[in-house]
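Since the structure of chain C is provided, determine the placement of chain A on it from the hints.
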Amino acid sequence: MMRFLNICVIAGLVFAAAYVYRIKFESTRQAERVAKLRMEIRREHDAIAALRAEWSKLDNPARIQELAERHLALKPIDARQFDRLDRLPERPPVLVPPDAADPIGVLIENPEIAEVPTSSVRAQGGKR
Amino acid sequence: MGAADIQATEAARAPWHRRLSATLLYGRNIDRPAKAKARIGLAIVAFALGYAVIGGRLVMFAAVPESHMSRRAGGTDAVATARPDILDRNGEILAIDVRMPSLFAEPHRIIDVDEAVELLTAVMPDLEVAELRERLSSKRRFVWLKREITPKQRTEIHRLGLPGIGFMHENKRIYPNGAGVSHLIGHVNIDNQGIAGIEKWLDGRGLADLHMAGLATDRLQQPVELAVDLRVQHALRDELNKAREKYKAKAAAGLVTDARTGEIVAMVSVPDYDPNNPREALDPTRINRLTTGVFEMGSTFKALTVAMALDSGKVSLNSSFDARVPLQYGRFTIHDYHAQRRVLTVPEIFTYSSNIGTARMALSLGVEHHKWFLRKLGQLDRLRTELPESAEPLVPKRWGELNTVTIAFGHGLSVAPLQAMMANAALFNGGYLIPPTFRKRSEQEAMQLATRVIKSETSEKMRYLMRLNVEKGTATRADVQGYYVGGKTGTSEKVINGRYSKTKVLNSFTALLPADQPRYLLLVMLDEPQGIAETHNFATSGWNTAPTAAAVIARIAPLLGIQPRFELPSADRLILASAKESR
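Top line first, the protein sequences correspond to chains C and A.
Just so you know, we're using my numbering here: the first sequence kicks off at 1 and counts up by one.
Just so you know, we're using my numbering here: the second sequence kicks off at 1 and counts up by one.
Just chain C, same shape as in the assembly:
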């Protein structure tokens, strides 16, 4: 009885030792991985910072203004070019149903819709 107990205890000890070794090995590996990932994150942060710095350097208003003046025909906006949303004209009538297979064909078949004046205000009561 006593001998059996001893064998059991020894077996348990060996098993525990092996298990602890495994855990330790695994934890070392995980710790290394954590360190590596942390390093990578840090490197990514640095890269992001460098790119952000570069982006804001390229996005700098002084530089954009210089490029715009050199390459674009745009002019600074005038106060008269602003307007309120409720003074926006109505959407022009759609001449051709959007799902028509051949829009030009529809126009030729119904010559009367081509007569619609191309004003930005749609005719009174005209739906669509």
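Calculated from the structure, these hints are not laboratory results.
Note that the structure is a prediction, hence the values are computed from the model and not measured.
A hint or two may mislead.
[As the list claims (entries may be wrong)] Here are the in silico distance ranges between beta carbons for each label pair:
id, chain 1, residue 1, chain 2, residue 2, range
1, A, Q221, C, D99, 51 to 61 angstroms
2, C, R43, A, E534, 50 to 60 angstroms
3, C, M2, A, L58, 26 to 36 angstroms
4, A, Y51, C, T28, 17 to 27 angstroms
5, A, P125, C, Q65, 34 to 44 angstroms
6, A, S501, C, H71, 44 to 54 angstroms
7, A, N318, C, F82, 33 to 43 angstroms
8, A, R565, C, Q65, 39 to 49 angstroms
9, A, R519, C, L37, 46 to 56 angstroms
[Stated by the list, open to error] Okay, derived cross-link-like pairs now, DSSO-like style, lysine-lysine, Cα gap no bigger than 27 angstroms in a straight line:
id, chain 1, residue 1, chain 2, residue 2
10, A, K502, A, K472
11, A, K246, C, K75
12, C, K75, A, K248
13, A, K440, C, K57
14, A, K242, A, K502
15, C, K36, A, K246
16, A, K172, C, K57
17, C, K57, A, K502
18, A, K472, A, K440
19, A, K146, C, K57
20, A, K152, C, K36
21, A, K242, C, K75
22, A, K242, C, K57
23, A, K248, A, K494
24, A, K314, A, K472
[Unchecked claim] Far from chain A by the CB rule (all over 10 angstroms, computed), these chain C residues:
id, residue
25, L37
26, H71
27, R91
Quick reminder that beta carbons are idealized off the backbone N, C-alpha and C, glycines included.
Structure of chain A alone, referenced to chain C:
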């Protein structure tokens, strides 16, 4: 039979020499099994304690996440410590840290100094040979060879395989917008410590202590958001540079503040410097004129005098003052630039910018009242903001009636322009004096800091006067269609060799945007502008700073989200009428 008896009989049976040794070791009549039991018990306790300590330590390791223990490992990291990013009010980057390798040497580990010098200068020709040799042969344990080298140079030097030469990664502060925001954010030294502007303020907030403890190496610090708007800042700077060139001025400065929160939305003082190259900042012509310089603000100061008079209740908009003859005071004579030679009402005094009228207005209230009012508006004490640079106003030591006469129209008292703008904002925003700030601030926060300095009706009248001045006063050239601008011109003669110069002037212009419900205040200053053909050789404020302000407003108003309104009635109908209604 007890154990002791057995032992005793056993001991008695043992041979004599054993009995002797037993007596010497344990003493006679000792109960050995009991003693052994006690010893085993002691051993159990000792071991249990040992395991308990180990177990406890394990729990501690498991519970505390590995923190700074592993962070120390990277020895080649971070000498110059990290600083938080600085963003503008829309999240655009004003300053950011980028990691750069730096080259160092440990002279005691270098084998052949000559070879090292030769190879290093081959890779980096800009290294000084003599200095490099001296550094490498020094007795010190550690010397910097070059801070901030390029990644390419780094790999090349790495390939040389020199012993005793190494790299450290350091944080380098980058200002992507260059000179655009220089005076505002300041700059750092080579060790990434703030030495001017907001950067220095950041250090003062405890960042310096973190640096000392070596803890601020992480870039995961909360970014700092400022009130400045990069687009407005750029537009203002661009227009000021144009104006400075056009009117051949020595310097120009501009400021945009939110009248209701005290936030500084843009602050420019040209000539400025590139914070990436801090050496430029040492040039005395490049100082920040808005906070570190004090100036006699000239006629823009009249707004304060008029507000004081209106607020006292003794003067109303219909009161009139005699401006028929120049005001004699001792050996001084006060003239008007736009002399009308008649009795002027208060609005006329403001729109003709009458020195005589404002002087008489201030005199009618007395010296003490004048002093008290200016102190209430913070014009006599040093204004402190986040910026470490600030200037004390130059207040006359003995303030007599003559001082009141001149200060009434902005001569004889020098204040920092930022300070004057703080007072101006209080005149127009309903009467609240709000300390200016470079950080974001909400209206509620501003209201907690605000102190009421004038009545809201007085503020209403001041807005009317400002708008009237643009409609038919000295500031007509500052009008921008659609934005209902109000403004006041100011031309102050500079003191050259102790006398007021007739040719060298400092022009300023304060604008109110829009005048009926002020949201923003703009200040434009030109130092010694020259008369040019386009301005008929006039160099007064209405001819140069007013049109500059108009150009600035036309550009910044859309950026600030101010809706253009057309067909608005004139000032006396829009502002004054609403003032009467509300009463």
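Hints versus structure:
no. : hint                                  : verdict
1   : Q221/A with D99/C: 51 to 61 angstroms : holds (56 angstroms)
2   : R43/C with E534/A: 50 to 60 angstroms : holds (57 angstroms)
3   : M2/C with L58/A: 26 to 36 angstroms   : holds (32 angstroms)
4   : Y51/A with T28/C: 17 to 27 angstroms  : holds (23 angstroms)
5   : P125/A with Q65/C: 34 to 44 angstroms : holds (36 angstroms)
6   : S501/A with H71/C: 44 to 54 angstroms : holds (46 angstroms)
7   : N318/A with F82/C: 33 to 43 angstroms : holds (38 angstroms)
8   : R565/A with Q65/C: 39 to 49 angstroms : violated (27 angstroms)
9   : R519/A with L37/C: 46 to 56 angstroms : holds (49 angstroms)
10  : K502/A with K472/A                    : holds (26 angstroms)
11  : K246/A with K75/C                     : holds (21 angstroms)
12  : K75/C with K248/A                     : holds (26 angstroms)
13  : K440/A with K57/C                     : holds (23 angstroms)
14  : K242/A with K502/A                    : holds (25 angstroms)
15  : K36/C with K246/A                     : violated (59 angstroms)
16  : K172/A with K57/C                     : holds (15 angstroms)
17  : K57/C with K502/A                     : violated (44 angstroms)
18  : K472/A with K440/A                    : violated (37 angstroms)
19  : K146/A with K57/C                     : holds (25 angstroms)
20  : K152/A with K36/C                     : holds (24 angstroms)
21  : K242/A with K75/C                     : holds (17 angstroms)
22  : K242/A with K57/C                     : holds (23 angstroms)
23  : K248/A with K494/A                    : holds (16 angstroms)
24  : K314/A with K472/A                    : holds (26 angstroms)
25  : L37                                   : holds (12 angstroms)
26  : H71                                   : holds (18 angstroms)
27  : R91                                   : holds (23 angstroms)
Figure legend: structure checked against the earlier numbered hints; hints not met, in rising order: 8, 15, 17 and 18.
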